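Asks: Protein chains in written order, with my numbering: chain A, 1 to 384; chain B, 1001 to 1337.
There's no promise every hint is true.
With a Cα cut of at most 30 Å, we get these calculated DSSO-like pairs of lysine-lysine [said to hold, decoys possible]:
#1 A:Lys98 / A:Lys73
#2 A:Lys76 / A:Lys133
#3 B:Lys1249 / B:Lys1137
#4 A:Lys228 / B:Lys1272
#5 B:Lys1272 / A:Lys242
#6 A:Lys291 / B:Lys1028
In short, the hints are calculated from the structure, not lab data.
Predicted model only: the values in this text are computed from it and were never measured.
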Amino acid sequence: MAVATGNSFASRFGVHIAVLIFVAIWTIPTLGILVSSLRDKDQIIASGWWNSFASSSQTEAGRLPPASAQTQKDGKYVIEGSVFGDGAKRAISAFGVKAATPTQYPAGTSADLGDGVTLQVNADGSFVLASPKAFEGDRGQRVYYASSAPPKFTTDNYQTVLFSEGIGRSFMNSLTVTIPATVIPILIAAFAAYALAWMRFPGRALLIAVIIGLLVVPLQMSLIPLLKLYNGVGTFFGVPSKTYLGIWLAHTGFGLPFAIYLLRSYIAGLPREIMESARIDGASDFEIFVKIVLPLSFPVLASFAIFQFLWVWNDLLVAMVFLGTAPDQIVLTAKLNALLGSRGGNWEILTTSAFITIIVPLIVFFSLQRYFVRGLLAGSVKGG
Amino acid sequence: MAAQIFSAIFVIIIGVGGCVAYFWGANKLLDLIFPSRGVSGTAAVNNLRRQGLVRPWLFVGPAMIILTIYLIYPVIATLWLSFFDRGGTGFVGVANYEWALRDPDLRNAILNNLLWLAVVPAACTFLGLIIAVLTDKIWWGTIAKSLIFLPLAISFVGASVIWKFIYEYRGEGQVQIGLLNAIIQHFGGQPQVWISLPFWNNFFLMIILIWIQTGFAMVILSSALRGIPEETLEAAVIDGANPFQIFWKIMVPQIWGTIAVVWTTITILVLKVFDIVLTMTNGQWNSQVLANLMFDWMFRGGGDFGRGATIAIIIMIAVIPIMVWNIRQANKETGGH
């Protein structure tokens, strides 16, 4: 492969740059919500997250104290004080007295307002308004200034989201759905895969064809009949139709074709000699399966487990059809979707919730990437 | 909540224990009914033969039952329901299909789906191929691939939030906190409400799926590229082929089969795209797609199962050619084994 494109310095440099650009496009969006989830909620709307390490600046308006606050100093009438009434620690970079030019004068300079009146606003917010004549009226001078606040990072958003927005509870619900729905299909599929790979029986080829056909059947084909079936079962036995048991079985059913397909192609590739020598030693199919096939198939079982875990954890459609939306059942993806509707503009809540929903898949992905890739390569006919 | 965790653990134990008990117990039972040890020669042979007839069905039985309930029966039932009214009780013939031909929403959804089909698989495969080729040449290629691959682990809903934040629009004069509008404004352009621009919003939704799926295409194609024999590339270099000729005339033709697999896999995914549209626009501003429209009909005003089933059948019809191709391909490869 090293021979493919030219080896000149320029073309190598170009390859590095091109890959760097691709990596940037593929990582910056995720970085955006991670950074935003850690920012103060007022700063999220005041500046873009890419500016979050710089001070966030905003233009504010205020009114200086009225004429009653004036004192006489060196033959001039002077009003002094700080534009920050609240004692906040911000830095002023520029100020002005007209709404059209709010940053006309740099901080620390003296602005001439006409008639000998001068105004100086310093970076720390202190100001001196001086005039040769006495100030009049009970409305003070209008002043505009650009202030910047130091970057502020906090984990408050995570506290809010986990404990008062219900994301913490949904996290537990997602785990409750995902773990059984990952474990149950593995055993069922492994036995079927072994039979389809190593046992001879009539109809086997047809069964394999059916399973490969089922691989691509859209989930949408199953939803309505199963919804009717679940409602019917619920009414008949007088139990709720939206239960964890229902969604575990549904995910098992939807995951089985891929599980059997993936496991069968791996198990069929195990060396024949091992099976045959075990059979000659008097081992039954059951013993061969448990003592030889299962241990040898560990990598493919791990691949499938990761696939199913990610698929169930990230699923929205099945959860919306087969589970309720009450706090004790709503899973993370459905909760995030609900928050998008109810908290559309609250980016501190949305980014934080989104990050919590993707953190588990990211950890699984990074720690088990090897198995994940192997599964992808072995089973790339499945439509996700 | 504690009760919930407890019941989940309980189910794992019961489920796994139940499976083990079934397979072990059924196997033991079979050995008891048709003993092969401790009986005379011919009886043992006969019993072994009988065991051989029954045992495969014990192994595939549970899988077959679940597949029948959750996939085979529903496919037939959906087809059946598509000829019935909203409650699924009154036969209406092909009325739902007539409605499907006339309904403007459905036509819009089909057109959008076609647009998705034309753009997303092509874009993912093309970008995946380019990145696979480029990352193969540099020392930090594995890290780069990992990072580009990463969105594949993110849910569609999570990805939608991520991109909604990028497309975020604020009124003119305000600070743009969405990256896209900030860039546009920086270069003197006009900020836009990207996801409600009719027609073009489809592309902004597609970008999300492309962002997720390019990693998939890249990984599969990268491994196919590794399988290309070194000699063919060396021979091309000796013959004086330039890099583009090598790419298009030597590399691409050798991995044509893999490209087809990637393309069809993403095609099936695109036909089922639902979460992205639901969370970004819910089909507003002419961005509707079939899967979201079906979901809508399933629950709209108590649900219209007949029309919902009809939309599901339309999606299924689009998948059938790929299904047939897959089965043929698999039969060819395994030769019946």
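Asks: Evaluate each hint against the coordinates.
Replies: Each hint, compared with the structure:
1. A:Lys98 / A:Lys73: holds (27 Å)
2. A:Lys76 / A:Lys133: holds (7 Å)
3. B:Lys1249 / B:Lys1137: Holds: Lys1249 (chain B) and Lys1137 (chain B) sit about 19 Å apart, inside 30 Å.
4. A:Lys228 / B:Lys1272: It holds: about 21 Å lies between the C-alpha atoms, which stays within 30 Å.
5. B:Lys1272 / A:Lys242: holds (23 Å)
6. A:Lys291 / B:Lys1028: The hint holds at about 16 Å.
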